[in-house]
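Chain order of the listed sequences is V, U, F, R and S. If you read the first sequence in numbering that gives the first Met the number 0, its first letter stands for residue 0, the second for the next number, and so on. If you read the second sequence in numbering that gives the first Met the number 0, its first letter stands for residue 0, the second for the next number, and so on. If you read the third sequence in numbering that gives the first Met the number 0, its first letter stands for residue 0, the second for the next number, and so on. If you read the fourth sequence in numbering that gives the first Met the number 0, its first letter stands for residue 0, the second for the next number, and so on. If you read the fifth sequence in numbering that gives the first Met the number 0, its first letter stands for residue 0, the second for the next number, and so on.
Honestly, I wouldn't trust all of these hints.
Said to hold, decoys possible - Distance condition first, Cα-Cα at most 27 Å in a straight line; then the derived DSS-like pairs of lysine-lysine:
no.: 1; chain 1: S; residue 1: K584; chain 2: U; residue 2: K456
no.: 2; chain 1: U; residue 1: K217; chain 2: U; residue 2: K456
no.: 3; chain 1: R; residue 1: K55; chain 2: V; residue 2: K134
Bear in mind the hints are in silico, worked out from the structure with no lab data behind them.
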Amino acid sequence: MAETVLFWVFFAGVVVAGAQVILRRNPVHAAMSLVACFFFLAGVYLLLSAHLIAILQVMVYAGAVMVLFVFVILLLNLREEELSRERVTVWKGIGALAVAASVGLIVVFALRTAYSGPVRDLAVEQLPTGFGTVKAVGRALYLFSVLPFEVTSLLLTVAIVGAVVVAKGKI
Amino acid sequence: MDFVQSHLLSLVIFAPMVGAVIIAFLPRGEGGQHKGVALIASLLTFALSVPLAVGFRPGARGFSFEQRTDWAPNLGFSYHVGIDGVALLLLLLTTFLGPIVILSSWKYIQERVNLYCISLLVLETAVIGTLAALDLVLFYVFWEAMLIPMYLLIGMWGSERRIYAAVKFFLFTFVGSVLMLLAIFYLWSHSAPAGQPRTFDYVALLAQMPPLGADAQKWLFLAFALAFAIKVPVWPLHTWLPDAHTEAPAAGSIVLAGVMLKMGTFGFVRYAMPLFPAAALQYVPAIAALGVVGIVYGSLMCMAQQDLKRLIAYSSVAHLGFVMLGLSALTPEAVNGAVLQMVNHGISTGALFLIVGYFYERTHTRDLSQYGGVARVAPAMSAVFLVVVLSSIGLPGTNGFIGEFLILIGTFTSTSPLGSWGGTPRGQIFSIVGATGVVLGAVYMLWMVQRTLFGPKRRAAEHGMTDLTLREWVTVVPLLVAILLIGVYPQPFLNASRVPAEELIQRVARPRAARPQGAGLQRPGAGPPGEARAEGER
Amino acid sequence: MNFNPSDLEGVLPALILAAGALVLLTSEVFLSNSRAFASGSGPSSAKPAPPKPETLGRAVAQPVPDRRYQAWLAAVFAGLAFWAAVAQIGDPAAPIFSGAAVTDGFARVVAAVVCASLALSCLVSFGYLEALRATRGEYYALALFSASGMCLLGQATDLIVIFISLEVMSLAVYCLSAYLRRGQRPAEAAFKYFVLGSFASAIFLYGAALAYGATGSTRLSDVANAVRLAGSFGSPPGTATLLFAAAALLAAGFAFKVAAVPFHMWVPDVYDGAPAPVTGFMAAAVKVAAFATLVRILVGGFGDPSAALGPHGWQKLVVWLSALTMLVGNLLAIPQRSVKRMLAYSSIAHAGYLLVAVAAMAGAPPRADALEGLLFYLAAYGATVIGAFGVVALIERKEALAGGGDDLSSWAGLSERHPGLAAAMTLFMVSLAGIPPTAGFMAKVTVFRAAIAADLVPLAVLGVLTSVAGLYYYLRVVVYVYMVPQSKPEPVAGGHLIAAGIALAGCAALVLWMGIQPDTFARLAQSATTTFSR
Amino acid sequence: MVGPLHYLFLGAVLFALGGVGVVLRRNALIVLMSIELMLNAVNLTFLTFSRFPLVKSAPTQAGFLSGHTAVFFVIAVAAAEAAVGLAIVIAVFRSRASVNVDEFDTLKF
Amino acid sequence: MEVSWLYLIPLLPLAGAAVNGLLGRWLPKAWLYAVALLVVLLSFCIGLFAWWQVAHIEGETAQLRQLVFTWFSVGSLRVDLGLTFDRLSGTLVLVVTGVGFLIHLYSVGYMDEDPGYWRYFAYLNLFVSMMLLLVLSDNLVAMFVGWEGVGLCSYLLVGFWYDDDAKAYAGRKAFIVNRIGDFGFLIGIFVLYLYTGQVSFQTLKVAPLSLGVASAAAALLFVGATGKSAQLPLYVWLPDAMAGPTPVSALIHAATMVTAGVYMVARLSFLYVQAPGVMAVVAVIGILTAVVGALIGTSQMDIKRVLAYSTVSQLGYMFVGVGVGAFAAGTAHLITHAFFKACLFLGSGAVIHGLHGEQDMARMGGLRRLGLKHTAATFFIATVAITGVLPISGFFSKDEILAQALNTRAFDFLTLLPDPSSPRLAFLGPAIYAIGTVTALITSFYVWRCYLLTFEGEYRGPPEVHPHEAPWVMTLPLWVLAALSVVGALIVLPSHHLPFTWEHFTEGVFARPRGGPPMERLPELVAFGIALVVAWAGLLTAWSLYAPGRALEGDERIARAMPRLRRALASALYVDALYDRIVVKPLWATARTLWRAADVMIIDGLLVNGPAQVVAAVGSVLRRFQNGDVQRYAAVTAVGVLILVYVFLVRG
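All chains, full assembly: derive it from the sequences and hints.
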C-alpha cells in the first residue's frame, strides 16, 4: 500500500518535473526541474529494488551531471532577452506528435500486452541473492560484464579528451 | 613466340593500353613524344591484329584465338576472350582506324596532349576488349570502359557545347547499360540448375543455360536491347549522337562513328539476339520498323542541318538504321550485309568525319553557310571527300553499295521473322521504305557536297583553306583503298561473317530444327507464316 | 571467472588502437612541455619545413612545436591494428567475453577496413591540419579511439556493448567534427550530429531495453532465440510484440547511423561542416561499423524468420528504406554546388545501395553472396570516399581557414594545375559512379548480383537507375576538373602534400586494384562470411 | 497494486517527454537535458524488466541483474554524453554567441 | 563462247580514268590526251574484234561470255561480275566506244583551254568504262553498277563547272532524279530475286514468272528506265543537264547513257513480253514523252535545250518501239539516234565554241556564212536525219517504230482494267501511231527552226564576238557522225530480208511479244508517204516562220497567236515549278519541321532532357526541405521511428 502511494507520488513527481524541464523557459529552472526529476526517479528505482542504481542516480546524475549543466549554464551567462520565445513550427509539431505517437504505439501494442501471464517478481524470487544490492550488481558487473565495463572506461577517456578538445579556446 | 601465339588476342587488346601507360609516365608538355608513342602503339596494335586476320578460318564454328584465364573465380567471372568472324571484322576496323585517328589530330590538338593520347589508346583497348570478350562481366567492363575516355575526348577537346554533349553522351549510354548489367546478373543467377556453379561465360551460357521463361526472356532481351539500341543509336534514342558528334574533336567523332556505334549493333548480333532467341524473334519486326524509321527519319534530319558534323551524325542514324534492319531481317543476305555495313559505316563515316575535321582545322567552322567553293582551293581534299560521300550514299563500286544492297535484298526476301501486314510481307514494305533512304541519302549528301565543295568561294574557303598535307594523305589513302577494296571485292569480308550469321539465323529464326541452308525461294502464300523459306523450287 | 585473458586477442585491433590513442595523448603532454621552452627564443631550428605563410593565407609567427610525427604514429598504430585484424582473418569464429562479443571473420574484415580507413585518413589529415596549424595529438587520439569503438562495434554481440561501443565511436567523431575552430561550421555540424546522434542512441537504447524485456538478456544470441520462439507455444505471449517494437527501435537507431532515409537528415550538414579528412573518415569507417552492427542485429538477432515476421522478416522494410534512400540521396545530390555536400548526399545514396545488400541478405541462413557484397561494397566505398574527401581536403584548405565551404568553382581547371590530383579525383568519382575498372563497379556487381539472385529485381532496377542520376553529379566534378577553365586565380594551398599524396595514391591504387583484380578482396569477404557467427 | 506496467508506462511517458523536448525546445541546453530524460526513461524500463522478467525460466547467471548492469553503463554513458554535449554547446556558443538551436542553420540545403 | 579478254573492254577506259584522274594533273597534256583516246580506241578495237566473231556465230548463242569473278555470294544470292557480248550489247559497245572515241577526240579541241581538262578526261574515260559495264554485264546487279556509275559520271560532268551553283545544282538534280529511278530499279531486282532467286539474265530468261511478278518487276525496272532515259515523269533533269560541257551532252545525254533505259528494256525483253500491260505503259509513257518533249522543244531559245528536249522526245520514240514489242526497231533508233544526235550536239558545241560560250539562238544566225561551214553542213545532215525529210537513218528508224506501233497486236488482248469486260486496248497501237506522226511533224518543225535560227539568216549576236570554225579535231568527228547518220540508214532499211539489217542481225536476241505477228493496218508505202509528208510539213512550217531574214519574227508571231501556250512551252510546261512545289519544297519543309518539332522539341526536349530537368527540379525543390534546422531533422527522424514502429507493431 505504501508502495502504491509512494509510486504515485514519485510518478507525479517525475512527470511534473520532467514536464517542467521541457516547459520552463529559463534553462536554470529546467535544470533544477531535471534534478528534481532525477530524485523522484531514484525513488522509483528504490521501489523497483534497484538500490545501487538509485544511489548512482543521485550521485552521478543529480550530483555530477547536473552540476555540469548548471556550471555550463552559468558559464554561458545567458541574458534574459536571449531566452526568446519558443517558435513551434509545423515540423516541430509533427515531430513531437510523432514521438508521442511512437511511444503511444509501443505502449498500446507492446507494453500493454507484455505481461499477459502471471507476473514474476525477481526481487521476491531471488531474495537470497540480494536483488539489486551493491554486492549482487557488483558480481553481475565484474563477472559477466567485463567487456562493457572496459569499454566504458574507454568511453570515459574519450569523453574527457573530447570535451577538453572541443571546449578548448582555439586550435 | 609460343606466348605470342597463345596470347595474340590479349596482346592486341592491351597493346594500346601499354602505350597509354608509357605516355602517362612521359613528362608532360612534350607533344611530339606523346603522339609518337601513341602512333607506334596503335600501329603495333594493327600489326598484331594482322595475324588474327591471316590465321582466321572463315568456315570455323565457334570462336578463334580463344584464351581463358581465371580472373575472379570467387566472383564467378573469368578472363575469356575470343573472336568470331563478326568480331574479327570489327576488330580489324578498330585497329585499322587506330593509327588514322591518332594521325588525324596530329597538329590540331596542342593542349594536354598526353591525356589526349591516353584517352584514345584506352578507348582503343576498351573497344577491342568489348569485341573480344566472351565473359559477360568482362564484356561489360570493356563496354563501360569506353565511356570515360570518350567522355573526356568530347568534353576536353570539343567545341562550344562540349560539356553538355559529353555529359549527355555519358548519361544516355549509361542508362541503357546499367539495365543490361542487371540482366547479366539475372542470366548469371539462372545460368545453371540449382546447386551447380553459375557462370558469366558466354560460351557456357549458350551451351548449357536452362531455358528461360518467355517473360524473363522478354525483359532480359529488352534490357540488353536498350543498352545496344542507345549505342547504335536506334531511333528515337539517338539524340545524344548529333550532340556528341558535333562537339567532339575530329578524332573523337571518328572513333565514335567508326567503332563505338558498332558496339551497339555488335551487341545485338553477339548478345541480345542469340541469348534470347525467342524474345528476339518476337521483337525483330519492331526493331526492323525502328531501323526503317531511323533510315527515313535520319535522312530527313540531315536535310534540316546547317552544321556539317551534325549532318553527318544524323546520316549515321540513317546508316545504322540499315544495319538494324538487316540484322532483324534474319536472312543470310541481310545479316551478312548488316555486318558488312557496320564495317562500311565505320570506314565511310569515319572518313567523312576525318575530312570534315580537316575542314574544321582550317576554317574553324562547321557552319554550312560559311562553306562553298572548297573544291577550287583544295581539289584533292574535295575529291577524297566526294569519294567518301559516294561511298556513304552507297554508290556501286564502293563499299556502301554492297552493304545496303544486301540488307535491302535480304530484307525484301525475309518472310517469317518479320511477319506480314494484311498479306504483304513486312520485309517487303520495310525494304521498300528503307530503299527510299538510298534516294534521300543522295539528296542530303550531295546537297552537303554542293554546299561545301561547289559554288563560289565563300568565307571558309577564302580563309587559308589549303589542300591535304602529306600526313593527311597518309590518313585518307588507307580509307580510300578500303572503300574501293570492299566495294570491288567484298567476298573475304562476307566470308568472315558467314558462319556467325548462319548461326544467328539458325538460333533465332529456325530454333526447332536445322533447316537446309542456301537457295531459298518463297512465293507469297506458299507456306503459313513461320515456315522458313523452302529449298530451291523455281 | 568468466574472464579469459585470451579473449583479449579477440579484441586485439581495438586494443592496439586504444593503446595508440593513449600513446599519442601522452606524447602530447611531453611534447608541449619540452617545446614550450625550446621555442621561446624564436622559430625553432628543429622545424625544417615551416608552413608557407602565403599558402596559409595568414601569417602566424608564434612558434609551434613540431607535431608532424603524430600522423605517422597514428597511421602506424592503425597499420598495426590492421595487421592484427588481417593476421587473424582465417581463424575460426569464437565467442569472447562470455558472449558479449565474438571474434569472427566478419569482425576482422570490418576491423581491417576500419583500420585501413583510419590509416589513410590520418595521412590525409596530416597536411590539412599542418596547413591550418591545427595538429594536436588529441585529434589522432580521438580518431584512434573512435576506430577502436568501431572495431568493437563490429564484433559486439551484446546490445549494451553495442551501445557503449557506439558511443565510443560517436563521441569521438562528434569531437572530431568540432575539432576545428574556424568559423561557425564545424561546431554547428558537431552540435547537430551530437543532438541527433544522441537522440538516435536513446531510441536505440529504448529498443535494447524492450529487447531485454522480451528476452531477459541483452545478448543477441538470446534475442535470436527469442525471435525463433516468438509466437510459438513455449514462449511468453507478450514477447513477440515486444520484440517487434525492439526491432523497430533498434533498426531506427542504426538506420540513423547508416544514414538511411528518413534518418538521413543529419548527414549533409555534418559532412559539410566537419573538416574534410574527418568527413572522409566518417563516411568510410563510421559507415562500415554502422552497417556491420546493423547486420549483426538484423541477421544475428532478428535473422530467423518467425511466424509473425513472415518468411523474409524485415526484408520488405529494408527494401523500402533502401529504395527511399537511393532516391532521396541521388535526387538531392544533383543540385549541390559544394563537392563536399554532394559527397554527403552521395553517401546517403550509397547507404541505399548498401541497404540493397542488406535486404538481399534476408533469409535463413542469410545469403552469403549478399553479405560478401556488403563487405566488398563497404571496403570499395571506403577506399573511394576517403580518397575523394582527401582531394576535397586539399581543395578546401583555403575555405576551411576562412570558415567557409568549398564550391565547384574552386575545382575549375584543377587538371591543369594538379594533373595527378585531377586524375585521382576523376578516378574516385568514376568509382563512386560505379564504372569499371574501379572498385565502385565491382562493388556494384557484387551487391546487385546478390539482389538479383535474391529476386529483388525492382529494387535493383531502381538502384541502377538512380545510379544514373548519380553519374550526373559525379561527372559534374569531372567537368569542372577537366573541362571548365580555371576562373579563380589562386591555386590550391600547397605544402604538406607528401602524406596526402601517399594516402591518395594508396586510395587510388586500392580503387584500381579492387576494380581490376577484385578476387583478392572477394576472397577476404568470403572468408568473412564463412566464419560469420550468428 | 502497482505492477510492472505502471513502471513501464512511466518510462514511456518520460521517454516521450524527453523526445518532445528534443524536438521542440530552442535552447540547446534544454535539448541536452531532454536527452538525459530519455536515457533515464530507458533506465527505468531496464530496471522494470529486470525485476519483472517475462521469460519463464530462471535467469541465467549472466542474465541475472544484467538489467541493472545495463543501467549502470547507461548512466556512465549519459555522463559522458553530457560532458561532450556541453562542450560542444560551449563551442557553438563561442562561434555565434547563441544557444538557440534554430539559429544554427549555416549548414543547409 | 567463253573468252578471257572481254574484261579488257570496260577495264581499259577504267584504267585510263585512273591514270588521268590520279596523275592527270602532272601529266603532259599530250600524254593525257593520248591515254584518254587510246584506251577508248583500244576498247573499240577489241569490241570490233569481238563483234566480228559474234557476227559470225549463228543463232541464239551468238555471244561471247566471260565470268570475270564472283563479285559476292551470300546465302543463295550470287552476283557475278560476268560479261556477255552478244549482238545487241556488242553493237552498243561499238556505238559507245566509237561515238565515245569521236567525242573524246572532239573534246580535245573543245576542252583544251579548260584548266580542268585532266579531270574532264578522267571522268569521260570513267563514263565510257561504266557504260560498257552497263551494256556488257550479264546480270542485273552488275548492270546496276554501270547504271549508277554512268549516273555518277553524269553528275560529275554536268556539274563540271562547279563554281557555278546552278551548274552544280543541275548535276545534283540529275543524280537525284536518277536515284529515284534507281530506287525502282533496285526494288525490281529484289522482286525478281525474291521469286526466282536469280539475278542473271541467262537464268532469269528461263525462270517461270507469274503475270503479277513479271508485271511488278518489269514496271519497277521501267521506273529505273524513266529516270535514266528521261521519260515522263522523271525527264526534268535532262534539260538541266545541259549545264555540262557540250561534248558531254553529246556523249552522255544524247548518244549513250540516256539510252540505257531502252537498252535495259530490250535486254529484258523476255521479261517485258511476259508483262504486256507494262509494255503498254512503256509505250504510252514513251509516246507522251515524245510529244511533250517535242512540244517544249519548239519554244526553247537555248540551242542545247532544244536538243535536250529533242533527245527526250526521241527517247520517247524508242520506248514506244520497245513498248509495242518492236525491240529491234527501238534499239535501231537508239543507234541511229546516237549518230545524228551526237552530231547535232557536237555541232551545237562547235557553235558555242565558235561563239565563245554563247548558247542563245537569239544571238546566233547566219553562222553558215560566217565560217562555220563544216559545222553547218554536218548539222544540216543530222537535221535531215532526225526530221526525216529525206530517207536516211532517222527516217527509217523512226518510221519503223511508228509502223510497228500501228501494226502491233501486242495490246489486242489487253483490257483497261483487270475486269475482262472493260474496254480493250487494241486502239492503243493506232493511237500511238497517230500521236507519233504528229510528233514527227513537230519534231521536224523545231529541229529545222533550230537549224534555221542558228545557221541561216543574219548574225544577231554582239558584234565583238567573231564566230569562227572549230579546229579539225572537232570537225572531223562531226563529219564522221554525219556520215554515220547517213550510212546508218543501211541497217534500218525496211526490208526484212537484207542480211545486214538490224532486225535480221538481232534475230533471236529479243523475245517475241505476245499477241502474234503484226498485222498490216496500213500499206508500207502509204506509211512512208505519210512520214515524208509530215516531215516536209514540219520543214515548211519552220521555213515559213523562220526563213532566212526573218530572224526571230516566227517566235513573235507564235507568241502573239498563242501567248499562253507559248509561255507555258517556253517554261517547259511549268513541270519544274510543279515538282518544286509538290515534292522538293514539301520535302525540305518536312525535314526542317520534323527536326524542330520532333527531334529538338519532342524527343530531345521532352523525352530526353525533360526527365533530366524534372529530376533536377525535384532535387532542387526537395533540398529546400533540408533547411538546417536540427529540430526539423529530429522531427523527421521521429517520423521515421513512428513509421518503423507502426510497420513492425501494427502492420507487422
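Notebook entry, point to check: Does K456 (chain U) lie within 27 Å of K584 (chain S) when you go C-alpha to C-alpha?
Noted result: 26 Å, holds
Notebook entry, point to check: Within 27 Å, alpha carbon to alpha carbon, are K55 (chain R) and K134 (chain V)?
Noted result: 25 Å, holds
Notebook entry, point to check: For the pair supplied as a hint, K217 (chain U) and K456 (chain U), is the alpha-carbon distance within the 27 Å limit?
Noted result: 56 Å, violated
Taken one by one, the earlier hints fail for this structure only at number 2.
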